[in-house]
Amino acid sequence: MMVEKSLTELRAALAARTVSAVELARESLAAIEAASELNAFIGLDAAQTLAAAEAADARLARGDTSPLLGLPIAHKDVFVTRGWNSTAGSKMLEGYRSPFDATVVERLAAAGMVCVGKTNMDEFAMGSSNENSYFGPVRNPWDRRAVPGGSSGGSAAAVAARLVPAATGTDTGGSIRQPASFTGVTGIKPTYGRVSRYGMIAFASSLDQGGPFARSAEDCALLLNGMAGFDARDSTSLEHPDEDFTRHLGKGWNGSADAARPLAGLRIGLPDEYFGEGLAPDVRAAIDAALKEYEALGAVRVRVSLPKTELSIPVYYVIAPAEASSNLSRFDGVRFGHRAAQYGDLLDMYKKSRSEGFGEEVKRRILVGAYVLSHGYYDAYYLQAQKIRRIIANDFQQAFTQCDVIMGPVAPTVAWDLGAKGDDPVAMYLADIYTLSTSLAGLPGMSVPCGFGANGRPVGLQIVGNYFDESRMLQVADAFQQATDWHLRAPVPATAGV
Numbered sequence: 001m002m003v004e005k006s007l008t009e010l011r012a013a014l015a016a017r018t019v020s021a022v023e024l025a026r027e028s029l030a031a032i033e034a035a036s037e038l039n040a041f042i043g044l045d046a047a048q049t050l051a052a053a054e055a056a057d058a059r060l061a062r063g064d065t066s067p068l069l070g071l072p073i074a075h076k077d078v079f080v081t082r083g084w085n086s087t088a089g090s091k092m093l094e095g096y097r098s099p100f101d102a103t104v105v106e107r108l109a110a111a112g113m114v115c116v117g118k119t120n121m122d123e124f125a126m127g128s129s130n131e132n133s134y135f136g137p138v139r140n141p142w143d144r145r146a147v148p149g150g151s152s153g154g155s156a157a158a159v160a161a162r163l164v165p166a167a168t169g170t171d172t173g174g175s176i177r178q179p180a181s182f183t184g185v186t187g188i189k190p191t192y193g194r195v196s197r198y199g200m201i202a203f204a205s206s207l208d209q210g211g212p213f214a215r216s217a218e219d220c221a222l223l224l225n226g227m228a229g230f231d232a233r234d235s236t237s238l239e240h241p242d243e244d245f246t247r248h249l250g251k252g253w254n255g256s257a258d259a260a261r262p263l264a265g266l267r268i269g270l271p272d273e274y275f276g277e278g279l280a281p282d283v284r285a286a287i288d289a290a291l292k293e294y295e296a297l298g299a300v301r302v303r304v305s306l307p308k309t310e311l312s313i314p315v316y317y318v319i320a321p322a323e324a325s326s327n328l329s330r331f332d333g334v335r336f337g338h339r340a341a342q343y344g345d346l347l348d349m350y351k352k353s354r355s356e357g358f359g360e361e362v363k364r365r366i367l368v369g370a371y372v373l374s375h376g377y378y379d380a381y382y383l384q385a386q387k388i389r390r391i392i393a394n395d396f397q398q399a400f401t402q403c404d405v406i407m408g409p410v411a412p413t414v415a416w417d418l419g420a421k422g423d424d425p426v427a428m429y430l431a432d433i434y435t436l437s438t439s440l441a442g443l444p445g446m447s448v449p450c451g452f453g454a455n456g457r458p459v460g461l462q463i464v465g466n467y468f469d470e471s472r473m474l475q476v477a478d479a480f481q482q483a484t485d486w487h488l489r490a491p492v493p494a495t496a497g498v
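Be aware that the sequence shown starts at 1, since it is given in UniProt numbering, and climbs by one per residue.
Be careful, since some hints might not be right.
[Stated by the list, open to error] Derived lysine-lysine pairs resembling DSS-like cross-links, with alpha carbons at most 30 Å apart:
hint, residue 1, residue 2
1, Lys387, Lys91
2, Lys421, Lys91
3, Lys91, Lys351
4, Lys421, Lys363
5, Lys292, Lys251
6, Lys251, Lys5
7, Lys363, Lys387
8, Lys308, Lys352
9, Lys308, Lys292
10, Lys292, Lys5
11, Lys352, Lys363
[Stated by the list, open to error] Cβ-Cβ distance ranges computed for the label pairs, FRET-style:
hint, residue 1, residue 2, range
12, His375, Ala55, 41 to 47 Å
13, Asp379, Asp423, 48 to 54 Å
14, Gly278, Asp242, 37 to 43 Å
None of these hints come from the bench; they were simulated from the model. None of the values given here were measured: they were computed from a predicted structure. Ideal Cβ placement from N, Cα and C applies to all residues, glycine included.
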């Protein structure tokens with residue numbers, strides 16, 4: 001199937017006229033239908049998809065050489081998309097259609113990418129398993145009994161199952177990296193502010209960041225070229241010079257000409273806190289094997305410390321719910337969203353609409369957020385959490401004086417079974433221990449497939465770079481993928497049955 005090829009291979013096929021954008025779109029739509037049991041998609045519109053593909057073919061016929069032109073992509077349903085339902089996985093927004101495109105959607109459409117659908121997600125991006133969606137859970141393509149990770153589980157599962165070659169996601173506390181790890185694909189969370197949040201349905205405004213999923217670091221670099229850039233409509237967007245994120249791919253670290261050791265001189269920081277108690281033996285084994293491969297490529301290990309890592313969980317679960325409580329106050333049944341069918345007065349309408357429209361995890365986080373922002377508790381919880389957040393960021397800067405990138409596991413375990421942690425939200429929160437601190441610091445991070453653990457479920461290697469160092473981080477990931485084939489492994493097609 002053509003959709004199993006990389007973005008570079010697909011673009012070459014389009015340029016050579018051996019396949020058309022319409023044919024790619026039809027193939028992707030057929031694959032999505034055949035894999036419906038994964039529940040990776042919650043929004044499809046073949047007419048819109050094929051119209052966009054026809055427009056791409058017309059541009060190709062005119063000689064347009066844009067690198068993303070004609071390539072299929074799926075968008076996480078947290079990005080509002082004109083003409084499509086944009087629900088954020090919630091009953092609250094069931095049937096909502098935005099009058100405008102999110103900047104991410106707008107930029108990739110302008111580049112000629114063809115949207116094939118909207119992917120399932122944890123409601124309002126709140127979750128680590130994609131079991132919190134109003135539209136039902138997503139299944140992991142590698143093992144249908146397992147979760148795909150969250151909140152961007154639909155996007156990760158779609159890429160892993162080869163339904164689309166690329167998809168967008170968002171990462172608030174690990175929601176790109178963790179599902180990428182659980183499904184064996186490559187995913188990157190850029191530096192906070194790199195990718196516009198305009199048109200992204202907000203969860204936690206100081207943490208949310210969009211990014212791509214694809215098979216490889218090279219594909220992610222191409223997608224990031226299309227997604228990143230300053231946006232005056234987003235007050236959190238950073239003014240930083242545009243760059244080509246592919247520019248270091250295939251080159252030696254710091255100009256090294258040793259083809260056998262292209263990463264000679266690279267210093268890999270290994271935090272003590274990422275390799276202690278709680279890390280499953282099967283995950284540790286896969287990470288250790290990946291690090292040995294990096295040593296063979298010329299890199300050296302450096303022991304570093306991120307002493308406030310364990311505090312990232314309580315800090316995150318004060319700050320994120322506080323911001324969510326504020327952001328979700330707009331969903332009250334007045335202007336848009338779910339409205340209760342029966343109510344007595346305005347206050348009763350608010351109560352019933354929100355009670356009916358929000359799921360249990362969203363309600364839980366709204367309540368926590370309202371509590372930590374309330375009079376008498378703001379200083380004790382929210383303000384203290386912000387102070388520790390700054391300390392966490394400083395810890396990373398201290399570590400980067402000793403190393404070039406930081407590596408470790410994405411999650412303590414491989415993907416767990418559906419329903420295994422449904423009754424214990426705290427256990428679910430603890431699964432984010434290795435990703436939260438990066439998000440709190442606003443640093444770029446990514447997950448790269450590096451092996452398999454228990455029950456044949458994928459393991460991802462986390463790579464963290466310093467601010468605005470995505471291109472070097474992608475270089476490091478690409479060198480590993482040039483030497484290994486973990487990112488090329490594909491699960492048994494969903495049509496093979498459960």
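Hint numbers not upheld by this structure, sorted from lowest to highest | 1, 8, 12, 13
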